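Asks: Sequence:
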Amino acid sequence: MDAENMSKNTPEFLNRLLKSLDTNEADVGRSLTRFLRYHPINEFEPFFESIGLRPSDYALLLPRNLMFLNDDQLLLDNYYVLCNYGVPRNMIGKICKEAFEVFSYDHGVLQSKLRAFQDLGVKQSFAIKIVVSSPYLLKRDTNYDDLLKVLENLKNVGIGHDWVEERISKGRSYNWKHMLELIRLLNELGLKGEKLGDLIRHRPDILLDSSGRTTFRFVSFLLKFGSTKNDLRSVILEFPPIPVPKFSSNLHRCFKFMVGIKMLAPDIGPVFRSHPLLLGSCELKRINSLLTTLNCGVNMLCQMVKDDPFVLKKWVLRVRSDRVQEPNRALKVRTMKTKFLLSLGFVENSNEIERALKVFRGKGMELEERFDCLVNMGLSRDDVIAMLKVAPQILNQSKDVIRAKIGFFVNELGYPVSDLVTHPAIVSYTVQRVKLRLLTYKWLRDEGVVHNKLALSTLLACSEDIFVGTYVNAHPKGPEFWDRLKKEIYCK
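Per the numbering used here, the very first residue in the sequence shown carries number 1; after that it's consecutive.
No wet-lab data here; the hints were simulated from the structure. A few of these clues could be false.
[Stated by the list, open to error] Each pair of labels, with its calculated beta carbon distance range:
#1 Pro476 - Asp198: 50 to 60 angstroms
#2 Glu43 - Gly160: 35 to 45 angstroms
#3 Asp77 - Pro245: 35 to 45 angstroms
#4 Tyr136 - Gly158: 37 to 47 angstroms
#5 Pro476 - Glu194: 49 to 59 angstroms
#6 Glu152 - Pro245: 19 to 29 angstroms
#7 Ser289 - Pro479: 24 to 34 angstroms
#8 Asp77 - Arg184: 37 to 47 angstroms
#9 Ser463 - Arg172: 44 to 54 angstroms
Predicted model, so just to flag it, every value in this text is computed and none were measured. The C-beta atom is built at its ideal place from N, Cα and C for all residues, glycine as well.
Let's have the full structure, built from the sequences with the hints guiding it.
Replies: Dropping the structure here:
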């Protein structure tokens, strides 16, 4: 059986052998006999190829002082254990490549490891798939805790072993620890129970593609732009009908595109926070190609994206892009924004309205919803209008972010919401920045080393170096307090 398997599944070895023969000789058999007399075959080469390994894979696995398979009895014994268990011969090479130590186990060790899978309640056909797709589980010091926890978590949300067995592939490699970490992350985002089960059944690639690492990559990428847990949960629940790797790749491609059109970081962040599903769905054309097609410059491209990120949908591969001179969505969006500002009492063509239009990100309807959100947080309509005239950028944040920041400012720090009217830019700063500076100021004030009525804008608007040099260093233990508090806040 093994000789037959090797003869049928070693094309590269046989080709090399035939090339070594004298093809001019009439009797090929005699030529082969003469060649083998002086060039004995290393039996490990056809063996490794027959179990699915390429020469580049098995070059380092060839024993130095052995030529015949029978001289490595442990390798053969463990090979037969896998064969008899039902592992396809052409997949044993994958185990060999990823967990070669398995083939040096003493008699009985590998059998006990395979038996342990069924002791966990896993049927043999599923165990074979697990062994082939996760060979590291057969290593000597590896336990099955992560595998067991993943299967238990899936069972708790209504997903059984048969579903998992059907969807994992023998040709891929899975890391159950990484999958467990992703399940825990999804739980932290509020995806549990029936909701988590429905998600995984509908989009198994979120969990299975690269064992969840692809999902981790795009989640961590969005976190860098300030996306909240609610933002990330929405992205995953509303995931577009494209492969997870393509979504992640598109996000990175969009970022490079924005950098390439010289969009500034403060402008890029809001676009990623507000439109992650759009960006993940767009496989954009190259910038040079667009510049030629649209007949415009980089600055115009940048302004169009800032005015209306949805214009990116027109710039994807395999979609015709019209020249800028033709009517475009960006003009409509600007008109909607202008209409919104005029309804708030802004004067048409004034410096105030032009400044706001340059700063605003998003559609008119989104801006209205964020405006209403500020009013619902305890501010009057007139107060919010006054705030926008000073700091229009506060409407570039999602409603969830606005609620979280104002809730923290009022409920945790104890400041009245009316303080935001005189210092509206506070809503633009990150929660970490506000918390670190105001808690440090409170401590310094209690210690009696700073004035007890410093303006919030004075404390928050300056750079970190100036804040530390002016206030923190005024107390001997100030730097120590600052560093400790900073670690606590930013590590949460």
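Asks: Hint by hint, note whether the structure agrees.
Replies: Evaluation of the provided hints:
{"no.": "1", "hint": "Pro476 - Asp198: 50 to 60 angstroms", "result": "57 angstroms, holds"}
{"no.": "2", "hint": "Glu43 - Gly160: 35 to 45 angstroms", "result": "44 angstroms, holds"}
{"no.": "3", "hint": "Asp77 - Pro245: 35 to 45 angstroms", "result": "40 angstroms, holds"}
{"no.": "4", "hint": "Tyr136 - Gly158: 37 to 47 angstroms", "result": "28 angstroms, violated"}
{"no.": "5", "hint": "Pro476 - Glu194: 49 to 59 angstroms", "result": "56 angstroms, holds"}
{"no.": "6", "hint": "Glu152 - Pro245: 19 to 29 angstroms", "result": "28 angstroms, holds"}
{"no.": "7", "hint": "Ser289 - Pro479: 24 to 34 angstroms", "result": "52 angstroms, violated"}
{"no.": "8", "hint": "Asp77 - Arg184: 37 to 47 angstroms", "result": "40 angstroms, holds"}
{"no.": "9", "hint": "Ser463 - Arg172: 44 to 54 angstroms", "result": "49 angstroms, holds"}
Violated hints, listed in ascending order, are 4 and 7; each of the other numbered hints is respected by the structure.
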